[in-house]
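**Q** Sequence:
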Amino acid sequence: MTPTPHTPPLAPLQSLGLDDASLVALAATLAVSLAALLGLTIVVRVVRRSRADSDPSLRALAVGISLVAAAPLAFVFLDIGLLPDRLRYVSGSFVQGVGLLAVLRGMYGPSGTERRWAERSSSDLVVAALAVAVGTAVGVATALFGGASLVAAGTLAVVVTGGMFVSGQAARAYRRRGDPRMLALSAGTVALVVAPNPAALVLLGHGAAHAALGYAGFLVLGQALLLVTLSDRGG
Numbered sequence: 170m171t172p173t174p175h176t177p178p179l180a181p182l183q184s185l186g187l188d189d190a191s192l193v194a195l196a197a198t199l200a201v202s203l204a205a206l207l208g209l210t211i212v213v214r215v216v217r218r219s220r221a222d223s224d225p226s227l228r229a230l231a232v233g234i235s236l237v238a239a240a241p242l243a244f245v246f247l248d249i250g251l252l253p254d255r256l257r258y259v260s261g262s263f264v265q266g267v268g269l270l271a272v273l274r275g276m277y278g279p280s281g282t283e284r285r286w287a288e289r290s291s292s293d294l295v296v297a298a299l300a301v302a303v304g305t306a307v308g309v310a311t312a313l314f315g316g317a318s319l320v321a322a323g324t325l326a327v328v329v330t331g332g333m334f335v336s337g338q339a340a341r342a343y344r345r346r347g348d349p350r351m352l353a354l355s356a357g358t359v360a361l362v363v364a365p366n367p368a369a370l371v372l373l374g375h376g377a378a379h380a381a382l383g384y385a386g387f388l389v390l391g392q393a394l395l396l397v398t399l400s401d402r403g404g
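Each residue of the sequence shown is one higher than the last, beginning at 170 in our numbering.
Be careful, since some hints might not be right.
Stated by the list, open to error - Label pairs and their in silico Cβ distance ranges: (1) Ala297 <-> Val213: 28 to 38 Å; (2) Val397 <-> Val216: 17 to 27 Å; (3) Gly347 <-> Val295: 29 to 39 Å; (4) Arg274 <-> Arg346: 27 to 37 Å; (5) His375 <-> Leu203: 19 to 29 Å; (6) Val320 <-> Ala297: 20 to 30 Å; (7) Leu270 <-> Gly347: 18 to 28 Å; (8) His375 <-> Ser202: 32 to 42 Å; (9) Leu203 <-> Ala306: 21 to 31 Å; (10) Arg217 <-> Leu319: 38 to 48 Å.
Since the hints were derived computationally from the structure, they do not count as laboratory data. Think of the CB as a built atom: it goes at the ideal place given N, C-alpha and C, for glycine as much as any other residue.
Modelling step: build the complete structure from the supplied sequences, incorporating the hints.
**A** Spelled out as structure tokens, the structure:
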């Protein structure tokens, strides 16, 4: 599939496998199905944790994780005719952005609490600068090579910037507290927010199924890591 101007580089799930019986198309469909199962598992676990734990920071973290994990699948691969393609992609990025804000709210938490994973420091500027650089690069590449509109590419750049910042803060929290859930959050955020679009762009020359497989593969990896973040085992 060659992207046309202002058209996102990935096809909705319905277009995969209908006219392509290759193993890659089958693998892409299976990966998307697994991502759907993992996304549902995350949402169910979040609902259960929200009922069992009244801590607002943990609730914000859990809800944010569910939004980050579920938005790509719901808006990128599933097209039920309610939104045009460009708006679907922008909406998916917007929902992920809201989820990332919720994750940051949960990480910083109320001052002085034991469950406050992130701490404000001058190093935040270094993490932010790196995040902006990566987000800008992904947004520009998506506009130039993926045929995305400036609005879609700009929205994606902002979300990737937020994802890199969350990942950096989670990695710092892991170094400070040794909690493996923070390491899983760091790697999972990169896999879910930062990596899918570059992977799809690299594989797009081989066809829509290859691009979808690369995208969905990172979704599955990220969701599995975020399930670790939602576990009760921590430092």
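**Q** Can you give the numbers of the hints that this structure goes against, from lowest to highest?
**A** Of the numbered hints, 3, 4, 8 do not hold.
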